[in-house]
Amino acid sequence: MENVLSIKNLTKNFGRLCAVNQISLDVKAGQVFGMLGPNGSGKTTTLGMLMGVVNPTRGEYSWFGEVPSNQVRKKIGAVLEHPIFYPYLSGQKNLELNAMIKECPPENISNVLDLVELSDRKDDKYKTYSLGMKQRLAIASALLNEPTVLILDEPTNGLDPQGIAEIRELIKKIASRGKTIILASHLLDEVQKVCTHFAVLKKGNLVHVGRVDDVGRGAELVEISADVENLNELLLQYTGTASIQRQNGFYEVTLRDGFHGKDVNRFLFDKGVTASHLVTRKKSLEKQFLEILAGS
Amino acid sequence: MLHLLKIDLKKLTSYRTFWVVCGLYFITLGFATASGMEFLKWLASFIEGFGSKININRIPLYHFPDVWLNLIWFSGSLKIVLAIMVVISVTNEFSYRTLRQNIIDGLSRFEFLLSKILTNVLLSLMSVAMIFVIGLVTGMIYSPSIELDKVITDLEFFPAYFLEIFFFLSYALMLSILVQRSGLTIILLLLSQMIEAIITSNIDDQLPWIIPFFPMRSIWNLIRIPYSRYAFQEIQDYVDLGSTAIVIVWTFLFNYFSYLKLKKSDI
Numbered sequence: 054m055e056n057v058l059s060i061k062n063l064t065k066n067f068g069r070l071c072a073v074n075q076i077s078l079d080v081k082a083g084q085v086f087g088m089l090g091p092n093g094s095g096k097t098t099t100l101g102m103l104m105g106v107v108n109p110t111r112g113e114y115s116w117f118g119e120v121p122s123n124q125v126r127k128k129i130g131a132v133l134e135h136p137i138f139y140p141y142l143s144g145q146k147n148l149e150l151n152a153m154i155k156e157c158p159p160e161n162i163s164n165v166l167d168l169v170e171l172s173d174r175k176d177d178k179y180k181t182y183s184l185g186m187k188q189r190l191a192i193a194s195a196l197l198n199e200p201t202v203l204i205l206d207e208p209t210n211g212l213d214p215q216g217i218a219e220i221r222e223l224i225k226k227i228a229s230r231g232k233t234i235i236l237a238s239h240l241l242d243e244v245q246k247v248c249t250h251f252a253v254l255k256k257g258n259l260v261h262v263g264r265v266d267d268v269g270r271g272a273e274l275v276e277i278s279a280d281v282e283n284l285n286e287l288l289l290q291y292t293g294t295a296s297i298q299r300q301n302g303f304y305e306v307t308l309r310d311g312f313h314g315k316d317v318n319r320f321l322f323d324k325g326v327t328a329s330h331l332v333t334r335k336k337s338l339e340k341q342f343l344e345i346l347a348g349s
Numbered sequence: 617m618l619h620l621l622k623i624d625l626k627k628l629t630s631y632r633t634f635w636v637v638c639g640l641y642f643i644t645l646g647f648a649t650a651s652g653m654e655f656l657k658w659l660a661s662f663i664e665g666f667g668s669k670i671n672i673n674r675i676p677l678y679h680f681p682d683v684w685l686n687l688i689w690f691s692g693s694l695k696i697v698l699a700i701m702v703v704i705s706v707t708n709e710f711s712y713r714t715l716r717q718n719i720i721d722g723l724s725r726f727e728f729l730l731s732k733i734l735t736n737v738l739l740s741l742m743s744v745a746m747i748f749v750i751g752l753v754t755g756m757i758y759s760p761s762i763e764l765d766k767v768i769t770d771l772e773f774f775p776a777y778f779l780e781i782f783f784f785l786s787y788a789l790m791l792s793i794l795v796q797r798s799g800l801t802i803i804l805l806l807l808s809q810m811i812e813a814i815i816t817s818n819i820d821d822q823l824p825w826i827i828p829f830f831p832m833r834s835i836w837n838l839i840r841i842p843y844s845r846y847a848f849q850e851i852q853d854y855v856d857l858g859s860t861a862i863v864i865v866w867t868f869l870f871n872y873f874s875y876l877k878l879k880k881s882d883i
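Chains as they are written, first to last, in my numbering: chain A, 54 to 349; chain B, 617 to 883.
One or more of the hints may lead you astray.
What the hints assert, rightly or not - Chain A side only, calculated, beta carbon under 10 Å to chain B, not exhaustive:
1) Phe67
2) Leu70
3) Val106
4) Asn108
5) Gly112
6) Arg126
7) Gly130
Stated by the list, open to error - Rough simulated footprint, nothing fancy, chain A against chain B, three-plus residues with beta-carbon under 8 Å:
8) 640–653
9) 709–719
10) 821–830
It is worth saying that the hints were derived from the structure and are not from the lab. No residue lacks a Cβ here, since even glycine has one placed at the ideal position from N, Cα and C.
With the rest of the complex left out, here is chain B:
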């Protein structure tokens, strides 16, 4: 397993695009999540222009345990950058025809896929670790008091966050293997949320029960937007098991479809 991961990392670590895209992703992730208070200050001054005032110190954006879900939900929106990196890495193997040479040299098709899946796991784990560290540090700075039971509250969202990233990277991997062209794959990736929204809004009246089973919707349901709690609304402050199951099944299916396609095709 580790051997396969090393093979894929060997391909990536000398590839400049990989460093640029991953660098951009992790830098953006770091700066964006760490600068929430600056955003609130800007928001306050913006609203002041309309004559009303908000006291930003009363919004516990970075207080334990709010910090976890706030950061996780926000960083989920950046996963598209990582997914594009996966698309580039996989479609390159088709356009350079190196996939073919890898198989000739003695990798099985399954091993090739596994090496890509393992990289996806690694990238997802790195995102989780990054958000955990940023959450811990900002929480320490901004929380008025640090109590252990508050710090460990909502930590179950981290496995959910891992699942969200890994689900999306698996989706990107599957699209890349099915489409094989980077440009078209990236466009499909960007549009998939919208395409799904169009479909779901059209069948909303006839088959409302089926909507939670759509892949992008299942991710939406897994980690719901938390900021509405500051407008005195109820939020889902637990990981819903039903959505988790749906996301896991989709993730499995994406990787399984990738395998089927690779197995059947002449490379």
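This is chain A alone, in the form it adopts within the complex:
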């Protein structure tokens, strides 16, 4: 697959603070790429460099194999941090202006307004919009030039649950059209639900890149409960046990590589204990994320 985005040793220093430290990364066509990291980990700074608003201290990047320029940016739809529009202009006029900047036909405006369901409010001034409408207008603006790549930075920030669900549906809808999406977020649940690949940033360093599908693999997690007093000691004796945590009334056992839920079950049965509850769980992205952050 061809590289849509290729980053090499990208670095940004703000004075003595190193906001982004030698990041190298490739994003291929069709991926929904999640960028994870705590607040202040350098996600927005990285995206800012990719979109030409932050000058890199060192390193380079290319879009579609081309040297970055404002012409290349016209092929990308991007919303960084929060929606930015002229507050005194209506939604329609703001999009007309963006269409002029991106040099794309103004006929697209009504399509994208329909897509984000803002058509009936298009002639109202932007400053009268609710936060959710502002976010949706920003996504409409990013889609205006029918980009092959979409960059969304915290698209559900500050939205109510319904708004979050709406935006998530919208992202899925757009992803299903085969567009490449780069999604920066600290909402891990969100990334797990919509992304195919993800990268983790910590204090400006890239600490992990991988597929979301791979998250569940590796060490297995088993939830166990049984009507015996010494379950904890029993489980500790088991050779496959890596660690045990008590959670929600269950024992949560992380198994070593190569051990599975059924092995625990057999072990307990051999000891004469019957489990009343035994569930093998996929590790959530959240857990993996916290492990990556703790381990790096």
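Here the structure of chain A is known, so what remains is to put chain B in place on it, guided by the hints.
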């Protein structure tokens, strides 16, 4: 080029403040320059109160070719209004952060600056056209006789007037990009003439030759006050090439500094 101008005008033409400030500017410009005779009448009655008389009809305020320089010099003092409009337009881009979004959407930093410079050119040209029309009409009304060679005398002050306005709007643009806050920029804009006067008066004795090179002074030297000719004094009734060169260099530098600042900064 035209595309960039259209983009900036699209931002401005739906902005009410733009219409109010520009409306005020052009209305004030029109009324003030057209009502010079009324001012002279008031001046005459005022002086009469002190017991002396002047015959205002002997002051050829609106006669060709005096009318051109008289109107141009006076309207130069109103350019501050237009400059404040430029400050509002540019600092808004910083406070709304729309400059950032413009760049993300595919404008280059240079194109963004150029769109603002082109608007400055347009506003300057509109001022020139306005004063030309008012001068032509009032000249036609008040001149005792209309002779072509008198009408076309002193027309070289119009390019100088254009330069004066464009110079000052470029200065306002640069200040806005450097300071980025509207209030502070406007204060600096209003004070810059005074600050420069304080500096020049302090170095008057040591380095008198350097004074014509100061930006605000160069504008002053480009188009000198013409009214003293009615007190039987010599005036500079030509556009001084040296001052013109200095003004052009400053104008270029202002826009170049704006470009450097925009290019270097993280938006």
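Results of checking the hints against the structure:
1. With a cut of 10 Å, the hint placing Phe67(A) at the interface with chain B holds, because the nearest CB-to-CB distance is about 8 Å.
2. Taking 10 Å as the C-beta contact cut-off toward chain B, the hint placing Leu70(A) at the interface is violated, the least distance being around 13 Å.
3. Evaluation of the Val106(A) hint against chain B yields a held restraint, the C-beta minimum of about 5 Å falling below 10 Å.
4. For Asn108(A), the interface hint holds, the least distance from its beta-carbon to any beta-carbon of chain B being 6 Å, beneath 10 Å.
5. For Gly112(A), the shortest C-beta to C-beta distance to chain B is roughly 15 Å, which exceeds 10 Å, and the interface hint is violated.
6. A hinted interface residue such as Arg126(A) counts as satisfied when its beta carbon comes closer than 10 Å to some beta carbon of chain B; here the least separation is about 4 Å, so the hint holds.
7. Among the interface hints, the one on Gly130(A) holds; its C-beta lies about 9 Å from the nearest C-beta in chain B, closer than the 10 Å criterion.
8. Counting residues of the region 640–653 of chain B whose beta carbon lies closer than 8 Å to any beta carbon of chain A gives 0, which falls short of the minimum of three for the stated coverage.
9. For the region 709–719 of chain B, the stated coverage by chain A is satisfied: 7 residues place a CB nearer than 8 Å to a CB of that chain, which reaches the threshold of 3.
10. By the rule of at least three residues with a Cβ nearer than 8 Å to a Cβ of chain A, the coverage given for the region 821–830 of chain B is violated, with 0 such residues.
Taken one by one, the earlier hints fail for this structure at numbers 2, 5, 8 and 10, listed in ascending order.
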